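Trainee: What follows is the residue order along each chain.
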Amino acid sequence: QQQVKQSPQSLIVQKGGISIINCAYENTAFDYFPWYQQFPGKGPALLIAIRPDVSEKKEGRFTISFNKSAKQFSLHIMDSQPGDSATYFCAASTGGFKTIFGAGTRLFVKA
Amino acid sequence: NAGVTQTPKFQVLKTGQSMTLQCAQDMNHEYMSWYRQDPGMGLRLIHYSVGAGITDQGEVPNGYNVSRSTTEDFPLRLLSAAPSQTSVYFCASGTANTGELFFGEGSRLTVL
Numbered sequence: 001q002q003q004v005k006q007s008p009q010s011l012i013v014q015k016g017g018i019s020i021i022n023c024a025y026e027n028t029a030f031d032y033f034p035w036y037q038q039f040p041g042k043g044p045a046l047l048i049a050i051r052p053d054v055s056e057k058k059e060g061r062f063t064i065s066f067n068k069s070a071k072q073f074s075l076h077i078m079d080s081q082p083g084d085s086a087t088y089f090c091a092a093s094t095g096g097f098k099t100i101f102g103a104g105t106r107l108f109v110k111a
Numbered sequence: 112n113a114g115v116t117q118t119p120k121f122q123v124l125k126t127g128q129s130m131t132l133q134c135a136q137d138m139n140h141e142y143m144s145w146y147r148q149d150p151g152m153g154l155r156l157i158h159y160s161v162g163a164g165i166t167d168q169g170e171v172p173n174g175y176n177v178s179r180s181t182t183e184d185f186p187l188r189l190l191s192a193a194p195s196q197t198s199v200y201f202c203a204s205g206t207a208n209t210g211e212l213f214f215g216e217g218s219r220l221t222v223l
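Protein chains in written order, with our numbering: chain A, 1 to 111; chain B, 112 to 223.
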């Protein structure tokens with residue numbers, strides 16, 4: 001039983017386009033929803049995160065949209081660049097501990 | 112600035128052998144955890160610890176043991192390795208204040 005479901009598995013976007021990755025969760029006790037970025041051969045690193053008391057958070061070209069009633073959240077990458085090509089993971093946790101990850105999305109941005 | 116350090120980076124085992132993956136952090140984080148990463152499965156939580164002397168199971172704990180005798184170290188033990196444990200293992204640490212996890216660079220384990 002996957003607690004955090006992520007889609008799509010892979011995504012190809014043209015340079016300058018918008019990349020959108022979606023996640024859904026089941027456990028209403030989750031109170032922290034981060035997105036992590038991973039490059040080949042490296043560990044994941046925090047990209048952006050949101051708590052359920054807000055519906056949107058923006059940091060530069062990266063935006064999280066959060067829909068508490070639907071138990072869904074998404075990552076939007078505006079003006080996607082080849083350097084954004086990586087694997088992206090959504091995640092959820094309770095109290096900052098026991099973080100559960102989605103299956104990941106491999107993003108490729110074509111130059 | 113070391114952050115989270117994992118050793119070894121690569122290891123090949125035969126079925127039934129035992130080994131320990133080491134993880135150390137120098138950020139005084141109370142929380143530490145182990146994940147395994149498999150293609151198409153994302154990162155799955157094996158075990159975690161919220162402080163020295165306190166550990167708990169994650170999503171896929173079977174076949175793995177952990178202990179936390181100090182704040183800095185959180186080793187992961189495989190008592191009798193199986194081919195199904197072939198994976199890339201990541202250690203992560205963090206604090207409840209922010210929820211952010213800091214990952215090591217991973218340990219690639221192959222069990223023949």
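Just so you know, not all the hints are guaranteed correct.
[To be verified] Which residues of chain A face chain B? A partial, calculated answer using Cβ under 7 Å: (1) 28; (2) 29; (3) 32; (4) 43; (5) 44; (6) 48; (7) 93; (8) 95; (9) 96; (10) 97; (11) 101; (12) 104; (13) 106.
Just so you know, the hints here were simulated from the structure itself, not pulled from any lab data.
Quantities reported herein were computed from a predicted structural model and do not represent experimental measurements.
In this text, a Cβ means the ideal position worked out from N, Cα and C, and glycines have one as well.
Trainee: With a cut-off of 7 Å, does the beta carbon of residue 93 of chain A approach a beta carbon of chain B closely enough for the hint to hold?
Mentor: 6 Å, holds
Trainee: Against chain B, with CB atoms and a cut of 7 Å, does the hint on residue 104 of chain A hold up?
Mentor: Residue 104 of chain A check passes; min Cβ-Cβ to chain B is 5 Å, inside 7 Å.
Trainee: Restraint: residue 29 of chain A near chain B, CB-CB cut 7 Å. Satisfied or not?
Mentor: Result: violated, 14 Å to nearest chain B Cβ.
Trainee: Can residue 44 of chain A be said to touch chain B, with a Cβ gap under 7 Å?
Mentor: 5 Å, holds
Trainee: Min Cβ distance, residue 43 of chain A to chain B: is it shorter than 7 Å?
Mentor: 3 Å, holds
Trainee: Does the closest beta carbon of chain B sit nearer than 7 Å to the beta carbon of residue 106 of chain A?
Mentor: 10 Å, violated
Trainee: Does residue 96 of chain A pass the interface hint, meaning its C-beta sits closer than 7 Å to a C-beta of chain B?
Mentor: This hint holds: residue 96 of chain A lies near chain B, its Cβ roughly 4 Å from the closest one there, short of 7 Å.
Trainee: Taking 7 Å as the limit, does the beta-carbon of residue 28 of chain A come near enough to a beta-carbon in chain B?
Mentor: 17 Å, violated
Trainee: Residue 32 of chain A was flagged as interface toward chain B. Is the shortest Cβ-Cβ separation under 7 Å?
Mentor: 4 Å, holds
Trainee: Does residue 97 of chain A hold up as a contact with chain B if the rule is Cβ-Cβ below 7 Å?
Mentor: With Cβ-Cβ at 6 Å, under 7 Å, it holds.
Trainee: Can residue 101 of chain A be said to touch chain B, with a Cβ gap under 7 Å?
Mentor: Holds, because the Cβ-Cβ distance from residue 101 of chain A to chain B comes to roughly 4 Å (cut-off 7 Å).
Trainee: The hint names residue 48 of chain A as touching chain B; please verify it with the least Cβ-Cβ distance against 7 Å.
Mentor: 11 Å, violated
Violated hints, in rising order: 1, 2, 6, 13; the structure is consistent with all others.
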